[in-house]
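A.B. asks: From just these sequences and the hints, can you work out the full model?
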Amino acid sequence: MKDYIEDELRERHITILANFDVKGAFDAAWWPNILKTLKEFQCPKNLYNLAKSYFSERTETLSTNSIHVEKDVSKGCPQGSCCGPGFWNIQYSIIHYLILNLENEPKQ
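In the working numbering, the protein residues as written are 1 to 108.
The reader is advised that the hints may include incorrect statements.
[Unchecked claim] Simulated crosslink set (BS3-like; lysine-lysine; CA at most 25 Å straight-line):
#1 Lys-52 x Lys-39
#2 Lys-2 x Lys-45
#3 Lys-71 x Lys-23
#4 Lys-39 x Lys-75
#5 Lys-36 x Lys-52
#6 Lys-23 x Lys-36
#7 Lys-2 x Lys-36
#8 Lys-75 x Lys-52
#9 Lys-75 x Lys-45
#10 Lys-71 x Lys-52
[Unchecked claim] Label-pair distances were calculated between CB atoms; the ranges are:
#11 Arg-10 x Val-69: 19 to 29 Å
#12 Ser-93 x Leu-17: 14 to 24 Å
#13 Asn-49 x Ile-5: 18 to 28 Å
#14 Gly-84 x Arg-12: 38 to 48 Å
#15 Gly-86 x Leu-62: 20 to 30 Å
#16 Thr-59 x Ile-5: 23 to 33 Å
#17 Leu-62 x Gly-84: 13 to 23 Å
#18 Glu-57 x Gln-79: 18 to 28 Å
#19 Glu-8 x Leu-62: 46 to 56 Å
#20 Asn-33 x Asp-72: 46 to 56 Å
#21 Pro-32 x Val-69: 21 to 31 Å
#22 Ala-25 x Lys-71: 13 to 23 Å
Derived from the structure by calculation, the hints contain no laboratory data.
In this text the structure is predicted, and so the values were computed from the model without any measurement.
Ideal Cβ positions, reconstructed from N, Cα and C, are used throughout, including at glycine.
C.D. replies: This is the structure in structure tokens:
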């Protein structure tokens with residue numbers, strides 16, 4: 001991004017940067033959408049099945065000295081998981097697609 005902005009400024013083009021933060025992004029990762037997107041991208045079947053398995057029968061647990069609570073979960077990625085950022089990017093791949101298409105449009 002830095003290189004892109006520097007090039008645009010060097011060419012004296014108007015350059016705008018928009019940044020956003022999705023609150024609770026990893027907690028809100030919706031598994032059906034991720035799996036649907038993997039299918040649309042023709043993800044190899046073994047990797048698709050691995051993701052599907054990763055999302056099945058998941059629980060979250062809260063344990064203290066006197067309390068143990070377990071709850072089934074149907075969305076989200078565990079904090080600190082190595083898969084979380086990738087799944088989030090897959091879920092919001094439409095944003096990446098739109099950005100790439102905007103960058104490739106002819107400049108006026």
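A.B. asks: With respect to the beta-carbon atoms only, verify the hint that Arg-10 and Val-69 lie 19 to 29 Å apart.
C.D. replies: Violated - the Cβ-Cβ distance for Arg-10 and Val-69, about 57 Å, lies outside 19 to 29 Å.
A.B. asks: Is the hinted range of 18 to 28 Å satisfied by the C-beta distance from Asn-49 to Ile-5?
C.D. replies: Since the Cβ atoms of Asn-49 and Ile-5 sit about 40 Å apart, the hinted range of 18 to 28 Å is violated.
A.B. asks: Look at the Cβ atoms of Pro-32 and Val-69 and judge whether their distance stays inside 21 to 31 Å.
C.D. replies: With Cβ atoms ~26 Å apart, the hint holds.
A.B. asks: Between the alpha carbons of Lys-39 and Lys-75, is the straight-line distance 25 Å or under?
C.D. replies: holds, 18 Å
A.B. asks: Does Lys-36 sit within 25 Å of Lys-2, going by the straight-line distance between their CA atoms?
C.D. replies: violated, 33 Å
A.B. asks: Just tell me: holds or violated, for the beta carbon distance of Asn-33 and Asp-72 against 46 to 56 Å?
C.D. replies: Since the Cβ atoms of Asn-33 and Asp-72 sit about 19 Å apart, the hinted range of 46 to 56 Å is violated.
A.B. asks: Falls inside 20 to 30 Å, the C-beta gap from Gly-86 to Leu-62?
C.D. replies: Holds, at about 26 Å.
A.B. asks: Would you say the C-beta atoms of Ser-93 and Leu-17 sit inside 14 to 24 Å of each other?
C.D. replies: holds, 21 Å
A.B. asks: Verify the proposed pairing of Lys-23 with Lys-36, using a straight-line Cα cut of 25 Å.
C.D. replies: Between Lys-23 and Lys-36 the Cα gap is close to 23 Å, so the pair holds against 25 Å.
A.B. asks: Regarding the pair Lys-52 and Lys-39, is the alpha-carbon distance no greater than 25 Å?
C.D. replies: It holds: about 11 Å lies between the C-alpha atoms, which stays within 25 Å.
A.B. asks: For a C-alpha distance cap of 25 Å, please report whether Lys-2 and Lys-45 respect it.
C.D. replies: Distance of about 36 Å is beyond 25 Å: violated.
A.B. asks: Given the hint of 23 to 33 Å, is the C-beta distance from Thr-59 to Ile-5 inside that range or not?
C.D. replies: Cβ of Thr-59 to Cβ of Ile-5: about 44 Å, so the range 23 to 33 Å is violated.
This entry does not satisfy hints 2, 7, 11, 13, 16, 20, going by the numbered hints stated previously.
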